[in-house]
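Using the sequences provided together with the hints, build the complete structure.
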Amino acid sequence: MAELTYLEAISDGLRTEMRRDESVFCLGEDIGAFGGAFKVTAGFAEEFGPERVLDTPLAENAIVGAATGAAIEGMRPVCEMQFADFIACGFDQLVNVAAKLHYRQGQSVPLVVRLPSGGGFSGGPFHSQNPEAWFLQAPGLKVVAPATAADAKGLLASAIRDPNPVCFLEHKGLYRHVRDEVPEGEYTVPLGKARVAREGGELTVIAYGSAVPLALAAAEALEEDIEVLDLRSLCPLDTEAILASARKTGKVLIAHEATRACGVGAEVAALIGAEAFEDLDGPIRRLTAADVPIPFSPPLEQEVLPQLDDMKEACRELLAY
Amino acid sequence: MTLSDASAVMGAAVPLDPALLTRADRAELLRFMTMMRVAEERALSLYKQGKVPGSFYDGRGQEAISVGAAFALSPRDRLCILHRDLGAHFVRGVTPDRYLANYMGRADGVTGGKDGNLHFGDRARGCVGMVSMLPDMALVANGMALAMKMRGEPRVALTFFGEGSTANGQWHEAMNFAGIQRLPVVFVLENNRFAYSTPNELEFAADPVERAEGYGLPGVEVDGNDVEAVFAAVHAAVERARAGGGPTLVECQTMRMHGHGAHDDMGYVPPELLAEWEARDPIQSYAARLLEEFGFAAEEVERIDAEVRAYVGECAERALASPLPEPSAALEGVFADRWEPLGDGAAPWSGWAEPGDRPAAAPSVPPPPGPTIERRAA
Chain C
142 MAELTYLEAI SDGLRTEMRR DESVFCLGED IGAFGGAFKV TAGFAEEFGP ERVLDTPLAE
202 NAIVGAATGA AIEGMRPVCE MQFADFIACG FDQLVNVAAK LHYRQGQSVP LVVRLPSGGG
262 FSGGPFHSQN PEAWFLQAPG LKVVAPATAA DAKGLLASAI RDPNPVCFLE HKGLYRHVRD
322 EVPEGEYTVP LGKARVAREG GELTVIAYGS AVPLALAAAE ALEEDIEVLD LRSLCPLDTE
382 AILASARKTG KVLIAHEATR ACGVGAEVAA LIGAEAFEDL DGPIRRLTAA DVPIPFSPPL
442 EQEVLPQLDD MKEACRELLA Y
Chain B
3 MTLSDASAVM GAAVPLDPAL LTRADRAELL RFMTMMRVAE ERALSLYKQG KVPGSFYDGR
63 GQEAISVGAA FALSPRDRLC ILHRDLGAHF VRGVTPDRYL ANYMGRADGV TGGKDGNLHF
123 GDRARGCVGM VSMLPDMALV ANGMALAMKM RGEPRVALTF FGEGSTANGQ WHEAMNFAGI
183 QRLPVVFVLE NNRFAYSTPN ELEFAADPVE RAEGYGLPGV EVDGNDVEAV FAAVHAAVER
243 ARAGGGPTLV ECQTMRMHGH GAHDDMGYVP PELLAEWEAR DPIQSYAARL LEEFGFAAEE
303 VERIDAEVRA YVGECAERAL ASPLPEPSAA LEGVFADRWE PLGDGAAPWS GWAEPGDRPA
363 AAPSVPPPPG PTIERRAA
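For the record, the sequence lines run as chains C and B. First residue of the first sequence? That's 142 in this note's numbering, and the numbers climb one at a time after it. First residue of the second sequence? That's 3 in this note's numbering, and the numbers climb one at a time after it.
Hints in this document: simulated from the structure, not taken from any laboratory. Quantities reported herein were computed from a predicted structural model and do not represent experimental measurements. For every residue, glycine included, the Cβ atom is placed at its ideal position computed from N, Cα and C. Do not rely on the hints blindly, as some may be mistaken.
To be verified - Derived CB-CB ranges, DEER-like:
1) 229(C) x 264(B): 32 to 38 Å
2) 162(C) x 293(B): 56 to 62 Å
3) 264(B) x 411(C): 41 to 47 Å
Below, the structure written as structure tokens:
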């Protein structure tokens, strides 16, 4: 075990997979000599050479399209979007080509798109988004969103080894603020398995990504019997773990940094409403970003994104219900 | 569009070494073009009989392009084939029964009913199926070529697109990336004069082939109605790519002789333009050339036509006998549980035959090796 930041763990996971399997390679903008906008691939070009740490022009469809073709031919490409927001420019290749190839003609497309996502640092409307719900409406894509350094490493390895296109959401706010024990060497965390991050009996907070540390902080601050379920994978979704926790506590708050309408929270709430209705002791609530673009100025951004006080308040309300 | 624009295309830009094609190769080129024409005519009649759900698209008048281009490929080369390129599927070994079954949404179609018309790629034949967004497959072909280049394999990826695709931003991304990486990829551009109803002059201000140089790759213009000219240009491009020389854009000048789809009456096309290209029909003109230049007897050419017609007729019967898919199949196959490589395609050109294995005479019409409905059922 080594204590690593979330960012270091992603780097470590990627490096480990590239050492393990020669078919794994990275492609993206400024990832080679520069090491990537967030330095995830710093030192990679020296170790693996420029062909396996391929600097591309600013052309997201070309990146995802090249990854799709290379994956069909047996490579394991890992695309870096410089910011998750820019997947909009490569969306067509992802949702129309890569996502549908197996359904249409039985063609596996083992690629990963790394998506530095999330706000909280005045990135403004084009460097702060949490686009996971976009992908969840495109059958054929798997979607993961780790909250810890260990999961970041383990889920990335599993995503690379998976025979399907996987969207890997890495929250920029966690990059250097989350640090935990990470197994050394090869390490995988299975896709589709949620994790109980904190055991509790009175209320379940179902969260993923940046909302997980927020929920844990609120639970500690409130000193209440709160369970925190970290989804880790959004597709496949661990419906069993969700329903088990909802049935156990009878009260559910679903929290994510992404906007509210038709988001993961809506899907999880509908699942619980349909399958665990009789076990509920209160309304299913959501804590999410407001349905607005992410604004630039700090007081505006804080107004839009869920804050610790919002989380505490939402928990208190449900506990008192 | 003026008539002189359309008729300005003269011959092959790449001279063909006549020794590259044997007499049997020439018979094969005619046979595959005829098979495309006859199979599409049959599919259109099935459409008119109400047996094809959705809509119908063909590549009438463009047969020389997909046949001539695919004929230059080795078994291990890879293809993304588009909706006017049925001949390329046939060259690689897809049989007409599976094409017709795919159009009718039957269980034995290449996609088993998951996708329609020519939205298919036979994995067993080294082909990745197209999507409707164009020219998306050019970027995927780049990726296949990138993998080949990274592994140092002497292989090539080839894709087709129409001139309409060159207006889309992804075309720029594809050309630019291929040029930067010097990928072993061949782009076959079919300028059939119209993107649906939009004529060339509303599609671009500079002809796409002239733009190739700006991406650092050669652009070659050929008569797309001359199958040997297409073969010669694509063969040169393929060999160049195979040798590490990078990508080529081959623009094939042709004419879409039917509407965008069967629902399109082409009222926007001047009748003189159609008449001019009708006189340059790729199949008629090649048949005439085989008689005049290559010493084929009229009976030989007629026999190819008759055998293809009989064969496609049998294929249509098999396709019609194929069941509709089980409804529950709609819910299967969203995710893969393992990666498997594409298979290799048929490569009927004698250049790929082992020495001494060169076909001496035109082969009879029976299907090329590979899965057919009959064999699948057996």
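CB-CB spacing for residue 293(B) and residue 162(C) relative to the 56 to 62 Å hint: Given range 56 to 62 Å: holds, Cβ gap about 57 Å.
Assessment of proposed distance window 32 to 38 Å (beta carbons of residue 229(C), residue 264(B)): Given range 32 to 38 Å: holds, Cβ gap about 35 Å.
Supplied distance hint 41 to 47 Å, evaluated on CB atoms of residue 264(B) and residue 411(C): For residue 264(B) and residue 411(C) the Cβ distance comes to about 42 Å; the hint holds.
The structure meets every hint from the earlier list without exception.
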